[in-house]
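Asks: I would like the entire structure built from these sequences, with the hints used as guidance.
Top line first, the protein sequences correspond to chains A and B. Under the numbering used here, the first residue of the first sequence carries the number 1, and numbering increases by one thereafter. Under the numbering used here, the first residue of the second sequence carries the number 93, and numbering increases by one thereafter.
What the hints contain is simulated information worked out from the structure, not anything from laboratory work. Among the hints, erroneous ones may be present.
What the hints assert, rightly or not - Per the computed footprint, the stretches of chain A lying under chain B, defined by three or more beta-carbons under 8 Å from a beta-carbon of chain B, are:
| # | segment |
| --- | --- |
| 1 | 43–51 |
| 2 | 62–73 |
What the hints assert, rightly or not - Some chain B residues well away from chain A (every beta-carbon gap over 10 Å; in silico):
| # | residue |
| --- | --- |
| 3 | Tyr126 |
| 4 | His135 |
| 5 | Ala142 |
| 6 | Met223 |
| 7 | Gly282 |
| 8 | Val299 |
| 9 | Ser323 |
| 10 | Gly340 |
| 11 | Thr348 |
As the list claims (entries may be wrong) - Label pairs and their computed distance ranges (CB to CB):
| # | chain 1 | residue 1 | chain 2 | residue 2 | range |
| --- | --- | --- | --- | --- | --- |
| 12 | A | Ala65 | B | Gly282 | 38 to 44 Å |
| 13 | A | Glu38 | B | Ala258 | 43 to 49 Å |
| 14 | B | Arg191 | A | Ala92 | 35 to 41 Å |
| 15 | A | Ser30 | B | Gln331 | 18 to 24 Å |
| 16 | A | Ser73 | B | Lys369 | 52 to 58 Å |
| 17 | A | Ala75 | B | Gln331 | 26 to 32 Å |
| 18 | A | Ala75 | B | Ala295 | 56 to 62 Å |
| 19 | B | Glu341 | A | Ser91 | 22 to 28 Å |
| 20 | A | Ala77 | B | Ala186 | 40 to 46 Å |
| 21 | B | Thr121 | A | Glu82 | 55 to 61 Å |
Yeah, the Cβ is synthetic: ideal placement off N, Cα and C, and Gly gets one too.
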Amino acid sequence: MVGTLIAAAPPDQIRIVSFDGLTAIYHRRSGQTHILSEPLPEILSALGNSPMTRDMLFARLSADAEIDVCDASEALAARIDELEAIGLVVSA
Amino acid sequence: MRHKIILGIGPRYFRIGSDWRAPIAALETLYTTYPQASDAIPHFTVRLEATSVLRRWIKPQVAIRGDYVLPDALPVSLAHGLIAAEMAMNLQIALGERRFLLLHAASVERDGRVLIMTGDSGSGKSTLSAMLSKRGWRFLGDEFAMIDPESGLVHPFPRPISLKNASISEMQRCFPKAQFGPLVKGTPKGDLCHMVPNPTAIAAMNVPAPPALILFPRFGHAAETRDVGQSEAFVRLTQASTNYVALGEAGFEALTKLVNDLPAKAIDYPDTQTALKLVETLW
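Replies: The following block contains the structure:
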């Protein structure tokens, strides 16, 4: 699991609209709308289209989004699991 | 069906068929000022059918059927046939509409721009829209705001306004010249009566207009106005839409555009006069 490469769902599969504080994402394959709050949009943004491991993602979140991954690694892992479950994060 | 009528309301035509003459006669009277085109191609069909052969004559019972049905809907007595037809027409739109994004909302227009008012049952949107129509606003509807995902325009759907219990006599007092349908007593919602929108609303029911403000009214509280953020407005509007999921990405685009382009406000009010003042101030 830890070494598995993951990426955000391809841009042609999602439509993202940011509001004040929340982000609405339409997932074309499921037809579902997801309302995301911090740090989920930041996770997707950090992943981008470049496949990476969770450790690489945590490092990027720490650098780009100033998230203290040491304190929040468990919570972040749970959020990534949730994003995978709804198809917004995919195995690369 | 033995008896039928085709009614045009805004961009939609309904064919209503019935085993009995009475509900159709009541619709003909209530919708006298609306287009009744026997050669129009209907978008939706409603059927008021006897629950059995015997029930056509003995203690007649009306089963509400049509293109879209609620499987567990109970039949009603023939005395409530008009209400059954109105409910069934709402049901067809709520479950079957695919071209327009539907918001459970009242809407009125002034100076070419539309005010959309959405809220739970009892929030006062029907009363507010009717009262605003007395003050120079054009009534577009009190049940559904129909938004074209391509143009963003709000299309009128000015059905007769459904009034309940105490509001019936209040509206009869406020609108002495309006056309009212028959008073139907003893329904599950109490006494019901319909008020036909004014001629201006019906004459212009094929004239859409762009929305300008989203309002979330709430009756029964001290007067207060607050801004509603985009996130809250988006979530509340998805809940207020009966076909957001069915429209897929078109619904998402239409609703996000609406929320991004328009201001949204919430008002609390203790009485109708206060609400009207708040609306006029915000407009």
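Asks: Look at each hint and say if it fits the structure.
Replies: Hints and how they fare:
no., hint, verdict
1, 43–51, "violated (count 0)"
2, 62–73, "violated (count 0)"
3, Tyr126, "36 Å, holds"
4, His135, "24 Å, holds"
5, Ala142, "39 Å, holds"
6, Met223, "32 Å, holds"
7, Gly282, "37 Å, holds"
8, Val299, "30 Å, holds"
9, Ser323, "4 Å, violated"
10, Gly340, "5 Å, violated"
11, Thr348, "4 Å, violated"
12, A:Ala65 to B:Gly282: 38 to 44 Å, "55 Å, violated"
13, A:Glu38 to B:Ala258: 43 to 49 Å, "47 Å, holds"
14, B:Arg191 to A:Ala92: 35 to 41 Å, "39 Å, holds"
15, A:Ser30 to B:Gln331: 18 to 24 Å, "19 Å, holds"
16, A:Ser73 to B:Lys369: 52 to 58 Å, "55 Å, holds"
17, A:Ala75 to B:Gln331: 26 to 32 Å, "28 Å, holds"
18, A:Ala75 to B:Ala295: 56 to 62 Å, "60 Å, holds"
19, B:Glu341 to A:Ser91: 22 to 28 Å, "25 Å, holds"
20, A:Ala77 to B:Ala186: 40 to 46 Å, "42 Å, holds"
21, B:Thr121 to A:Glu82: 55 to 61 Å, "56 Å, holds"
When the structure is compared with the earlier hints, violations turn up for hints 1, 2, 9, 10, 11, 12 and for no others.
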